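> Chain by chain, the residues:
6 protein chains.
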Amino acid sequence: MPIVTVQMLEGRSDDQKRDLVEQVTEAVSNTTKAPKEKISVVIEEMSPANYGVAGKRASDQ
Amino acid sequence: MPIVTVQMLEGRSDDQKRDLVEQVTEAVSNTTKAPKEKISVVIEEMSPANYGVAGKRASDQ
Amino acid sequence: MPIVTVQMLEGRSDDQKRDLVEQVTEAVSNTTKAPKEKISVVIEEMSPANYGVAGKRASDQ
Amino acid sequence: MPIVTVQMLEGRSDDQKRDLVEQVTEAVSNTTKAPKEKISVVIEEMSPANYGVAGKRASDQ
Amino acid sequence: MPIVTVQMLEGRSDDQKRDLVEQVTEAVSNTTKAPKEKISVVIEEMSPANYGVAGKRASDQ
Amino acid sequence: MPIVTVQMLEGRSDDQKRDLVEQVTEAVSNTTKAPKEKISVVIEEMSPANYGVAGKRASDQ
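Protein chains in written order, with full-length UniProt numbering: chain A, 1 to 61; chain B, 1 to 61; chain C, 1 to 61; chain D, 1 to 61; chain E, 1 to 61; chain F, 1 to 61.
Hints are computed from structural coordinates only; laboratory data are not their basis.
A couple of the hints might just be wrong.
All copies of an identical chain are treated as equivalent in the list; a pair is satisfied when it fits inside any one copy or across any two copies.
Unchecked claim - Here are the computed lysine to aspartate or glutamate pairs in the EDC-like style, where the Cα-Cα straight-line distance is at most 16 Å: (1) K38 / E26; (2) K36 / E22; (3) K36 / D15.
Computed from a predicted model, the values in this text were never measured in an experiment.
Required output: the full structure, derived from the provided sequences and hints.
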């Protein structure tokens, strides 16, 4: 605990995902005072065909 | 906000997924009065090997 | 299957939530061709203190 | 209802996933008294590049 | 890792929830071979007004 | 998009939750290059009776 889930469109580089996990963990630890060892981060990448806002998918824009 | 997640077995066509995002957004907007621009829809497609009811996976039936 | 989750700010009436479940189920059935009996809808209501966009919570605006 | 989601690193065999769905369903039915027919299990498999603890991804260790 | 989430209607006793966490953890450890210390279980309890099947909420039946 | 969900035990102050939303949004924007206006953060607070590790709930320790 805490468990952080980041849902985002696919397409970020491996370096970006490594930095994301590192910096989100720091932000959560700084503000909640949970030790870093207790913080998990899960990245869920979505296809533009599987995500939409305002009724229109990212792949249809 | 609102954020809608639809988990379903893989196998729907791209047209079905486009219609799904459009019609679910309308249903949520109609009933919650949230403007469409504020409504996100995420589709999560599952393999039949990763989903089961009553202890039996879809791929084992 | 399918499982639909709607996350939204608290404050809708019981009638709105009943209509939401009914109309979202219809939209999902119409577009995915899943029979209604197989469609579950879960509503998760959030406090404005627990949701933010652009780094600012709904309760701080 | 109930809906059980198991998030885990990819790499388990098909047999392990079948047993997982079967045994988790039994554990939930035994303890909650929900009939098995009402229990769904979803497996979400993650890449080691998309999961980290203590700020470090599984793929970076 | 693994992270298990159990969504169910509210109303189970504290003893049932303790047994649920214990027995689900065993089932996941037995089948995935993950050590128990790595397995987290989260219970999300829902109001009957926030859950429906076939377009009808549990609270409307 | 992106959508960030933070699941944690209840008990943090309102100030901690405000800072959490602000700093997590910055971390996600810095690393994914998504503009802040596109980033949503949801906090889900859990009771110690509804969360366990290694088969033992936080409320039983």
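> With reference to the structure, classify each hint as holding or not holding.
Hint by hint, here is what the structure shows:
1. K38 / E26: within (12 Å within a copy, 21 Å between copies)
2. K36 / E22: within (10 Å within a copy, 18 Å between copies)
3. K36 / D15: Neither, since 20 Å and 20 Å both go past 16 Å.
Hint check: a violation occurs at hint 3 only; the rest are consistent with the structure.
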